[in-house]
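Student: Listed below are the residues making up each chain.
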Amino acid sequence: MGLMNMSNVVLKTEGLTKRYGDLVAVADLTLEIYRGEVFGFLGPNGAGKTTSINMMCGLLVPDTGTVTIDGVPIHAADDVLRARVGVCPQEIVLWERLTCLEQLQFMGEMYSLSAKEAHQRAEMLLEELDLVEKRDTQARKLSGGLQRRLNVAMALVHDPEIVILDEPEVGLDPQSRVKVREYIQSLARVKTVILTTHNMDEADRLADRVAIIDHGKLLELDTPTVLKKRVGEGDVVEIELETTVDPAIAGQVEAAVAHMVDQVHMDHETSTLTVRALNAVGALASILDALEKSGVQAGEVRVRENTLEDVFIQLTGRRLRQ
Amino acid sequence: MKALVIARKTLRELLRERMTAGLMLIFPVLLVGFYYVAFGQTEQGLAKYLSILVLNRDSGIVTSDGERWNIGQELVNLMREAEFEGDPIFNVTEVEDRQGAEITLREHKASLLMEIPSDFSDNFVEALQSEGIASSAELILNGAPESGDYTFARSMLSGLLRQFTFGAAGWDESVDLRYRFVPGTGTMSDFDFGVGGIIIFGITFGVLVTAEVMVREDLSGTLQRVRLSRASAFDLLLGVSLAMMLIAVIQVPITLGSALAMGFHNNGSLLLVLGIGLLMSLASIGVGLIVACYSRTPGDATNLASVALVPLVFLSEAMYPMPDLPIATIGNRTIQIYDLLPTTHAAEAIRRVTIFGEGLTDIAFELVALSLMSAVFLAVGVALYQRRRLRVG
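Chains as they are written, first to last, in our numbering: chain G, 1479 to 1800; chain Z, -4 to 388.
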């Protein structure tokens, strides 16, 4: 991918460690995040995602290690550099008695935009996140979904280069989820987006690369595609055969396929060949070819691809919501 | 300037919160109303209220001309003559029978019994000749310490005594300087006396509001939001302070206006009152920030702020005169323990401006004391808040 070269690194963490008493919240976290990528940050509750993010944006000082933006340590950075980051926290953080427009305009001015610029940015974001009708409504009177959309908008009012979205989809109604997801997609390539999420599907669809952390440690970091091919129990492909297969031929078929995949099983009762392997989907053409060479006609093919959730379970031993 | 934007935002929030806005702006007006109902509507002068019994045993001295000079009697005459707009300040009754006077006191038919000892003139002249060093003339003030009338009368009397001793001898030993009278409190009622304190009471509510605002910003995460922006801690704290000061600017005229409407006699500069109010609001903000540092929830802030408010308002001389609790003397001034509270000086300064029409130089001591205390409270509040709530962890 074109984004991924050393000169394109916008945010870098090196040996980032944070302890709270005996608890190591983040341990030796080293990451490079590229300009314009959507970077997924996955981990179960308490894995250290939010602590990492707080260190990345300068809200927390690491015990050891550094965070740099374009090579400048965040804690040595002036407010101009820090303002290149926009953070949407996991919790809804709004002034309940300010209207949507007032909140956005206020934060714009806190980031040194002129009143006019802040107003224009606020109006634009209200438009983009479908909040125009609520521009003069106080935050406390908005639904949870609308509050979350406004929460996202608040991170973007100063047009930051790096946007950190901490669980932006939590508690969203379907309509708002679609809206926020579309909006994040629209940010891709225009901005660097660091996204923590519980939603594997969201990470898979949106993220260029995914880091999986648990107990404060980085377990894996790669593109979702590579991770799915590398980690987990693999794809499951079920091929229904057209006719009942002679056991001898079945044995030949299993042998022919076995060297391509991790597991192969022929169910004689249902005449179904089931294979499981990382990237079994990629090997599907070769498997079908082997069947044909054995004189076996393949019928319906059912595929369950290895998912990011499978990768996650394999790495952490638990589901993300646990 | 970001501080102004923060101030505007804070004001918007406060004014949209009816309970808080009501507490800050309307409560002092209600208090003025209560005070008026209790003390102000009869239009009676203090003379009726402050009835003083005098047991003059002073035997006087014989002057070089061979004439007898009774200084005690001169003091009694001055007390009788003290008036404002033709009305006497005290209702002075000379008595001969101490026992009878004590019964009158116990029955609350008089505020205070002043005994002038037989050697008063001798001691006074001796003090005059030695510039107050050799001995001191003594007056005995009898009364029920738990009685508000007694405390009030004693405070009022102390000003007159100071005027008398200064005028006659330039000597002020054992004279309470808290209430300095100009001839002119004839129609002053307890209501007039109380309004200055009520103004300060209202501003002191800023402690509670500041604490609640800051705790809420912290609790809701909005404080972090602002910290992540390009606004500095200075912008934030200045912005909130400006908002609270503006509330005081709105509050003071409303309180004073309502008091005037109920018959309060103002003789001084409203601008000066506003200035005193602003200085006091700085102390309130400082205490509010300190309270916010030790509060996790707005409920904690309310409770803790109330704990701070009680001594600030009720142990100062803001609402009523306090008994003598001297701790030191600076120059010719006796420093009372409640002089360590900014509210004491703020209320005293407002009282002297509104009741006695005094100007900037007349209240210089109170202004300096108030400014120093406000600066200390604000500095401690800002430093603590920065260390406990704004420091990157």
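Calculated from the structure, these hints are not laboratory results.
Predicted model, so just to flag it, every value in this text is computed and none were measured.
Do not take every clue at face value.
[Stated by the list, open to error] Some chain G residues near chain Z, calculated using beta-carbon distances under 8 Å:
1. Asn1486
2. Tyr1512
3. Gly1514
4. Leu1537
5. Asp1541
6. Val1565
7. Val1571
8. Trp1573
9. Arg1575
10. Leu1576
11. Glu1580
12. Met1585
13. Glu1587
14. Glu1611
15. Tyr1661
Built from N, CA and C at the ideal position, the CB exists for glycine as well.
Student: Okay, which hints does this one fail, numbers in order?
Tutor: Of the numbered hints, 1, 2, 3, 5, 14 and 15 do not hold.
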